[in-house]
Amino acid sequence: MIAFLFRRLLQGVAILVTVATVTFVLIHAAPGEPFAGQLDDVRFTPAMQAELRRQRGLDQPLATQYVRYMGRLARGDLDVSLAQQRPVRTILAEALPRTLLLMSAALFGGFALGIVVGALQAARAGSWADRVAGRITVALAALPDFWLALTLLLLFSVRLRWFPVSGMVDPTMHEYLSPLGRLRDVAWHLALPATTMALIFAAVVARYQRQALLDVLPDDFVRSARAKGVSERGVVLRHALRNALLPTITLFGMALPALVGGSLFVEFIFAWPGMGRAAVEALSARDYPVVLGTTLVSSALVVVGSIVADLLAAAADPRLRRG
Amino acid sequence: MTDPLLRVEHLRTYFHSPAGIARAVDDVSFSIGRGETVGVVGESGCGKSVTALSLLRLIQAPGRIEAGSHIWFEGRDLLTLGAEDIRQVRGNRIAMIFQEPMTALNPVFTVGDQIAEVARVHDGASRKAAWERAVEMLALVGIPSPRERASNYPHQMSGGMRQRVLIAMALVMNPALLIADEPTTALDVTIQAQILELLAKVQQAFGTAILLITHDLGVVAETASRVVVMYGGQVVEEAPVRTLFADPGHPYTKGLMQAMPRVGMNRERLTTIPGSVPPPTAWPTGCRFRDRCGFAWPRCEAEAPALVPISAGHAARCHLAEVDRPPEAAPANAARST
Amino acid sequence: MADTPVVASLAIPALPTPASSLSSTPFSRLLHLMWRERSGRWALLFLALLVAAALAAPWLAPFDPARPLDPGAGAAGPSLSHWFGTDLTSRDVLSRMLYGSRVSLAVASLAALLASVVGLLYGGVAGFAGGRTDGAMMRLIDALLAIPRILLLLTVLALWGTVNVRALILLIGLTGWFSVARLARAEASALREREFVLAARALGAAPWRVFVRYVLPHATGPVLVAATIAIGQVVVLEAGLSYLGYGVPQPTPTWGNIIRDGRETIASTWWLTVFPGLALVGTALAVNTVADRLRAALNPRQLHAP
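Protein chains in written order, with the numbering used here: chain A, -16 to 306; chain B, -13 to 324; chain C, 5 to 310.
Just chain A, with the same shape it has in the complex (with noise of 0.2 Å):
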């Protein structure tokens, strides 16, 4: 197992070498320079802008720039905000908590959902029920995730005030709310974008567990439990679900990707204030050290996220142990 942790931390270091170049690649294809909004300022010199590059190292040749900016990646240095004149890697230790708690639930709750409807689908296959759950998950797996959020939105908290609009916290009371308020305040907040992404997550989930545990049902094994005396339940429960949760596990680690970039949407009309926001508030003032930090700091909560899956399902599947 701890060959197979450390192949895969291997692996996910290569990967985010290849992210941090590709930035790389990208600041310098850009046209103009990396720095040109600074620069235009008509207050800058020729001779305050030739030492504003020769400071910044871009007079260096390409290589050297390039390892200047892999080491600087490497120490955690993200540059500093144009916009806020703060070092990105503060803004964004703020900023990621939120989005993790934002994620987290929404990973927790559609999974839980997911797994559930899914079950229950497979295990009474055919029936009205069955038919009638598969048109929704299959409608609400296409959802776009901003039109949903957009959707509940307009209902649940403009139409019927059940949720607050916007925000994290409730921007006049929360610093007089006991703390069990606070936690009050927060999870209510939370409720409506955490449900939208994990709305459309259990769409994808039980679509996807229903087949693997319908694929798992026939299988040889399922008789044998049967033929020794299990009860149904148990043989769906305990014997058909544990094999049938395997592939569930390897779409967590196929979907980060989507639900990292889908909560950026959800952030953005919610008005929660996690690193999605921060990227799209960053980018309309052209402040793009904050929006290349986002990008590395959501490929690597990709790659880690991917490694957490490999490692579940490692733990899940004896099979796989070897690694």
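Honestly, the hints are just simulated from the structure, not real lab data. Computed from a predicted structure; not experimentally measured. Just so it is clear, CB atoms sit at the ideal spot from N, CA and C, and this is done for glycine as well. One or more of the hints may lead you astray.
As the list claims (entries may be wrong) - Here are the computed distance ranges between Cβ atoms for each label pair: (1) A/Ala(-3) with C/Pro75: 39 to 45 Å; (2) C/Ala194 with B/Glu254: 39 to 45 Å; (3) C/Arg42 with B/Gly261: 57 to 63 Å; (4) B/Gln142 with A/Ser161: 51 to 57 Å; (5) A/Ala298 with C/Val216: 43 to 49 Å; (6) A/Phe91 with C/Arg42: 32 to 38 Å; (7) A/Leu220 with C/Glu199: 41 to 47 Å; (8) B/Gln142 with A/Ala57: 58 to 64 Å; (9) B/Ala69 with C/Arg42: 48 to 54 Å; (10) B/Gln142 with A/Glu264: 52 to 58 Å.
Unchecked claim - Per the computed footprint, the stretches of chain B lying under chain A, defined by three or more beta-carbons under 8 Å from a beta-carbon of chain A, are: (11) 14 to 22; (12) 77 to 83; (13) 91 to 101.
Unchecked claim - Chain C residues, not near chain A, derived (Cβ > 10 Å throughout): (14) His36; (15) Arg45; (16) Leu64; (17) Leu73; (18) Gly81; (19) Val122; (20) Ser193.
Given the coordinates of chain A, assemble chains B and C onto it according to the supplied hints.
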């Protein structure tokens, strides 16, 4: 036979599909005595596996055991039992082992866990006690280092070992009847011998009756005391093993024996039974074997033969049997059927 | 083949059937297979109507999509004269949606086409080449797939500034070919070992020729399914980008742009969100259904179903 352990009467298992009804088991009757080993022989498609599955009611939709069938076991008709009651019979009073040891075991649970499960389910044993039983059973079936092996996963074991595990799993509750559906087909010949030996040992030690399903006459010759030959979803011959080999009464049985390669044969080509098994959705009228039978005559198409007694404990479903042999007192376990 | 006169007259073996190959399935048969099920029928109808409406927009649209009809009035909800209402500068929403469908569909089709072609070639070459080339090429794909697509788009937009429609198509297409490449690579890799490919190479056919004549057509099946799904994805992606304000530049109407117009006033101008949104959802659903049916239709087992 005095008070058989299991008595199957007019078993019919049909599969209903849009393409038609497949009459996989079409009026089969036989019995098994306590501690007896009965072999069921036939080609693929003759209905022997479906018969075995029907005994434990493991047939799933679109298959159905038709009304009019009876399976008498320990004083009850298994086909009338509720779900909970039949569940208590499975793995407990009647156990079954299957053909493919690799796929018959759950890949994500340890071998010990799967054996222990039987004790937990039927005996209410605690995890620890059940685990101990599992180790005991592994030792019983001849697996070396049983305590270490119990923590193995199925994919870490060889085919022969897995089959032993399946046997161990089947014997935990000391069932009265063990159904073995082609237990050696997927194994090497040397392992085959070991497994058969194990089954014989088990029978001697515990008095377990065994219903051994196979297409291999050699296996039957070695282990069974009585043989039931099936074809076309029906029993076509029934006899004590020696009688069957010495004096087969049905052309199909004769064909099977001729097809068996034997030491000392001086031939270049093996004999085969011409043709192939017809599909269970369309059994031929009259005798189901007539299209492949060297002895067929017009009566075979016009009239389906009944199971006719030939001698003590020996019956065959063939018009020729009627003609050749004098009618005698019907053996106690040959059922009349149309 | 001219230097081997003996074999020149031998026909290269025909593509074996059944196969998940586009070239062995007549288009009409495909359509028929997709038509058979109800869901496929509705989806195809919807898409056909949509395309027809998009093409006929200049004739169907009741108003000029760019013309403010009543400058002082502002947005108005659905009414008899304006089925989908008007937007903040009192332009008719229905007309804008009709014209918008042209842009949205064009962007989606072209970007999906670009992504499919690039992905097919890249993946096909990688799978066909095998060995270390394959490994290296796929490692790059692994890295590119780790970046959430929207962030990659935003990064480029941050560095390049906002883009015109043509550049947008390029951008979306060039960020979408990675998973297609994986698909194509898997197909090509499997095909490399198939007998007819080995036979062609044994007969002396140049690798590129084998690649183009045998590997590519077989890899096209799954890529076609992926391309169909991609169209749906890009429609949604473009709408999302436009919603953020970084998609098709104003004042060109697209469904996403219309929703964006109603962004600030979402509480009071619900029709600016709902109608384009429904169009989006309908299109996404229809495209996904068609892709699903297409995948089933290209499955060899169903090709010969009764």
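With a Cβ-Cβ cutoff of 8 Å, does the region 77 to 83 of chain B contain at least three residues near chain A?
holds (count 4)
Are alanine -3 of chain A and proline 75 of chain C spaced within 39 to 45 Å by their CB atoms?
59 Å, violated
Minimum Cβ distance from histidine 36 of chain C to chain A greater than 10 Å, as the annotation requires:
The claim holds: histidine 36 of chain C sits with its nearest Cβ about 22 Å from chain A, beyond 10 Å.
Would you say the C-beta atoms of glutamine 142 of chain B and glutamate 264 of chain A sit inside 52 to 58 Å of each other?
55 Å, holds
With respect to the beta-carbon atoms only, verify the hint that phenylalanine 91 of chain A and arginine 42 of chain C lie 32 to 38 Å apart.
36 Å, holds
For glycine 81 of chain C, is the shortest CB-to-CB distance to chain A above 10 Å, so the non-interface label stands?
Holds, since 14 Å exceeds 10 Å.
Quick check on a hinted range of 58 to 64 Å for glutamine 142 of chain B and alanine 57 of chain A, using CB atoms only.
42 Å, violated
Beyond 10 Å from every Cβ of chain A: is that where the Cβ of serine 193 of chain C lies?
19 Å, holds
Is 51 to 57 Å respected by the C-beta to C-beta distance linking glutamine 142 of chain B and serine 161 of chain A?
At roughly 55 Å between Cβ atoms, serine 161 of chain A and glutamine 142 of chain B fall inside 51 to 57 Å, so the hint holds.
Taking 10 Å as the cut and beta carbons as the points, is valine 122 of chain C off the interface with chain A?
Answer for valine 122 of chain C: holds, closest chain A Cβ roughly 16 Å.
Cut-off 8 Å, C-beta pairs, minimum 3 residues; does the coverage of the region 14 to 22 of chain B by chain A stand?
It is violated: at least three residues are needed, and the region 14 to 22 of chain B offers just 0 whose Cβ sits closer than 8 Å to chain A.
Does leucine 64 of chain C clear chain A by more than 10 Å, comparing its Cβ with all Cβ atoms of that chain?
24 Å, holds
Violation of the numbered hints given earlier is confined to hints 1, 3, 8, 9, 11; the remaining hints are satisfied by the structure.
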